[in-house]
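S.K.: Sequence:
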Amino acid sequence: MEMGKWGDYGKYLILADNSHGKHKIKDTYESFLNYKIVIDVINRIAFTDKSTYSYNNNIYNKKITSEDAKKILGNVLNCKWTSTTAKLKIVGHQLGLII
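If you count the sequence shown from 1, you need to add 1137 to reach the working numbering.
Hints in this document: simulated from the structure, not taken from any laboratory.
Keep in mind that the hints are not guaranteed to be accurate.
Claimed, not checked - Below, a list of computed lysine-lysine pairs in the DSS-like style, where the Cα atoms sit at most 27 Å apart:
1) 1200 <-> 1142
2) 1142 <-> 1187
3) 1226 <-> 1159
4) 1224 <-> 1207
5) 1224 <-> 1173
6) 1142 <-> 1199
What the hints assert, rightly or not - DEER-style ranges, computed between Cβ atoms:
7) 1233 <-> 1159: 15 to 25 Å
8) 1186 <-> 1157: 24 to 34 Å
9) 1230 <-> 1144: 21 to 31 Å
10) 1191 <-> 1139: 34 to 44 Å
11) 1139 <-> 1170: 36 to 46 Å
In this text, a Cβ means the ideal position worked out from N, Cα and C, and glycines have one as well.
Hey, can you work out the whole structure from these sequences and the hints?
M.R.: Below, the structure is given as structure tokens:
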């Protein structure tokens, strides 16, 4: 099946399978739900020059750059795991979400 026809969870499972090392992401549905939240936050980080962002009525200092956030979004879209993609775990950890 073409990658364009995969659903979000299918893409996540491929990304989880492609992840490796100490930054490997889990292939559970619970982790997928947390991942969706992290990707939403990364999307907001990607398109702002502010040094902070908000989530769940809390304000956080950005731990990744807007440029890194854009690269993460592109890599996730293509199910590509790199050291930049692994930075999504930094944002997840900051939010207290395990992926």
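S.K.: If a hint holds in the structure, say so; if it does not, say that too.
M.R.: Against the structure, the hints come out as follows:
no., hint, in the structure
1, 1200 <-> 1142, "33 Å, violated"
2, 1142 <-> 1187, "35 Å, violated"
3, 1226 <-> 1159, "10 Å, holds"
4, 1224 <-> 1207, "11 Å, holds"
5, 1224 <-> 1173, "15 Å, holds"
6, 1142 <-> 1199, "33 Å, violated"
7, 1233 <-> 1159: 15 to 25 Å, "19 Å, holds"
8, 1186 <-> 1157: 24 to 34 Å, "32 Å, holds"
9, 1230 <-> 1144: 21 to 31 Å, "26 Å, holds"
10, 1191 <-> 1139: 34 to 44 Å, "37 Å, holds"
11, 1139 <-> 1170: 36 to 46 Å, "25 Å, violated"
Violated hints, listed in ascending order, are 1, 2, 6, 11; each of the other numbered hints is respected by the structure.
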